[in-house]
Amino acid sequence: MRNRLDESGSTPTLVMYSGLTVVDLARLAELEGILDGALAAARGALRAAGTARLLVGGTCGLAPLTAPRALTSLDDAAGTTLDLEGHLEDLRCRVVAARAVYAEAENAATAVVARQASVVGRVGDLLLGTVLPASGAPRWATGLLGILFVGVNAAQDARRGVPGLVNVQEHLRAGARLLGPAVNPTGRVLLPRGWVPLAETTPVEFLSSSLLDLTGLDHFGGKVDVWVSEEGGVRHESSIRGGGVTAHVAVPIGAAVAIAPLRSVRDVLRRLRGTAAGADRSGVGRIELVAQRDAAGTTAWTVVLPGTREAFMAVNPQDHLSNIQLMGDERDDLLLAAKQALAMAPVSPGDPVVFVGHSQGGIAAAELAADPAVRARFGVAGVVSVGSPIGQVAIPETVPVISLENVDDVVPALDGLANPSAANRVTLQFDGGAHSAVLGPHDLWTYEAGYDRALAQDAVSLIEADSGLRAVANWSDPGATARVYTFEFARTDRVGSVLEAILHAGYGRR
Amino acid sequence: MFIDPSSAVAGVMAAQYQLDRAMEALAVADPEPWQGAAATAYTTARDAARVSAHVAEARLRHARECVRAFEQECSTWAGFPGGWHR
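Sequences listed follow chains F and U, in order. Counted from 1, the first sequence has number 1278 at position 241 by the numbering used here; the numbering is strictly sequential. Counted from 1, the second sequence has number 266 at position 70 by the numbering used here; the numbering is strictly sequential.
It is possible that some hints are incorrect.
Covered, in the sense of this in silico footprint (three residues per stretch, anywhere, with C-beta under 8 Å from a C-beta of chain U), are these stretches of chain F [said to hold, decoys possible]:
| no. | segment |
| --- | --- |
| 1 | 1063–1074 |
| 2 | 1126–1132 |
Taking beta-carbon pairs under 7 Å as the criterion, some of the chain F residues facing chain U (in silico) [to be verified]:
| no. | residue |
| --- | --- |
| 3 | 1078 |
| 4 | 1085 |
| 5 | 1088 |
| 6 | 1092 |
| 7 | 1102 |
| 8 | 1110 |
| 9 | 1118 |
| 10 | 1233 |
| 11 | 1234 |
| 12 | 1237 |
| 13 | 1434 |
| 14 | 1435 |
Think of the hints as simulated: they come from the structure by calculation, not from any bench. Just so you know, even glycine gets a beta-carbon here, dropped at the ideal spot from N, CA and C.
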């Protein structure tokens, strides 16, 4: 279930580049501050008039001739000051709403301008698309020259301040479009669902799966053990050797640990940090399933999927090989382990399940939500991807998706695509600013700060999506209780997997 | 508990001071580079707020006079010739 490349409809739903739109938004923000001051002053006047009313009322017996008139005049003054407060509230609301709308519109326009090809890019397109093919130049020469143009163009865009996310997205797509056919001249790739022609894949997907096919690494995997990490070291194992999810061992309820209930995306980002740290400590893969039960007894599940932890072909499948396999739409151990964890956990049919992932975890989250087998068995209720390239994943329109992308972070650009524009998808692109510089553009803290800032700036689409997600995941229920199941998983036969890869190296060898 | 009625005038004066601040803020709350239908609606709403502020200012001025008369009556009435605030 993948999105095909569709350049016409690839505008993000919500874009906020705070650093690139200054004039109107700054003025409106200033106006909002002025009105805040006026509102505070009006409220101060109301309080002071109220105090005077209290004093006159408390001593009115001492001046029976003038007290009634003084009280009436104070009531009149308080009434009109209350009117003023109402008018000022209305004004402030208008400015806040206008600022949100302008921020969306103007920044979307900025993003469109930033995506326009430069002069070098246009000359390159002309040469590569028309001149060289007509001159009969060999394919490798066209590819080599094309990559050179893509590199020069990317450097030029970086110099003129095009954000890293947009720059990499555009040029990776262009580069992959040139490299894919050069690496795999057959024009088709063998995926688990069968032969797929170049035209039905995205450039990055075709290149990734071609490289995996060529090296046989599309066959590396399928031998993973999954267990619940329980306090006291007890493991509840369930082998999925052979590549398929087998009959599972149900996890006892006692394997879950009570935790503070999740209240927001921010709480889940904190759990993501903890899960990642746990995986680093143990050296094996780790994901969490949080069961949050509301006051009415309904349980909703939040699946917490951290980002890449290891380099390549590691014991922990949360590595770069899984990244390439995910981008190439190939079978991979991380998705196998996550599906097995879902099968083992006591998830009742129809229980809402929300997938939240950072980086690689976000791709896995989107893939799980798009998987018909997963949706047939579980009530997939939402996806939150944090710094993840998921533009290629066709998530059904019934599943709300929030995608966070820092414009300084190139990781969400590695799909070479902008996220599709759809009613169920909100993509927040924000300028990480100082957080990017200090903590790194891909850091979870940077994303947490960007998310908080967008909510504070009244980003309407995001607030609506956030509120819907909190309701469906039971995060907004004040009486909810939560328990977490920590699943660990590891590749068990890497030598066997390497042999499998060697045996299957070369295009289309099953 | 002893309540000094002269504090009521101080209260009204504080309210007037705060209202002046609100009016000063409103005086500079122009939309300037913001144009279009939304800005027009904003300008209309801001003018209504200014009218409210002027009415509130007039009523507070009147309330101040009334409360001052009340204070004078308190200071001369009911066997307190020296006044409450002396």
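Evaluation of the provided hints:
1. 1063–1074: Holds: 6 residues of the segment 1063–1074 of chain F have a Cβ under 8 Å from chain U.
2. 1126–1132: Answer holds; 4 residues pass the 8 Å Cβ test.
3. 1078: holds (4 Å)
4. 1085: holds (4 Å)
5. 1088: holds (4 Å)
6. 1092: Holds - the Cβ of residue 1092/F comes within 7 Å of chain U, reaching about 4 Å at its closest.
7. 1102: OK, holds: residue 1102/F within 7 Å of chain U, min 6 Å.
8. 1110: holds (4 Å)
9. 1118: holds (5 Å)
10. 1233: violated (49 Å)
11. 1234: This hint is violated: residue 1234/F lies away from chain U, its Cβ roughly 49 Å from the closest one there, beyond 7 Å.
12. 1237: violated (45 Å)
13. 1434: violated (31 Å)
14. 1435: Cβ of residue 1435/F sits 34 Å from chain U, so the hint is violated.
Checked against the numbered hints listed earlier, the structure breaks hints 10, 11, 12, 13, 14; every other hint is satisfied.
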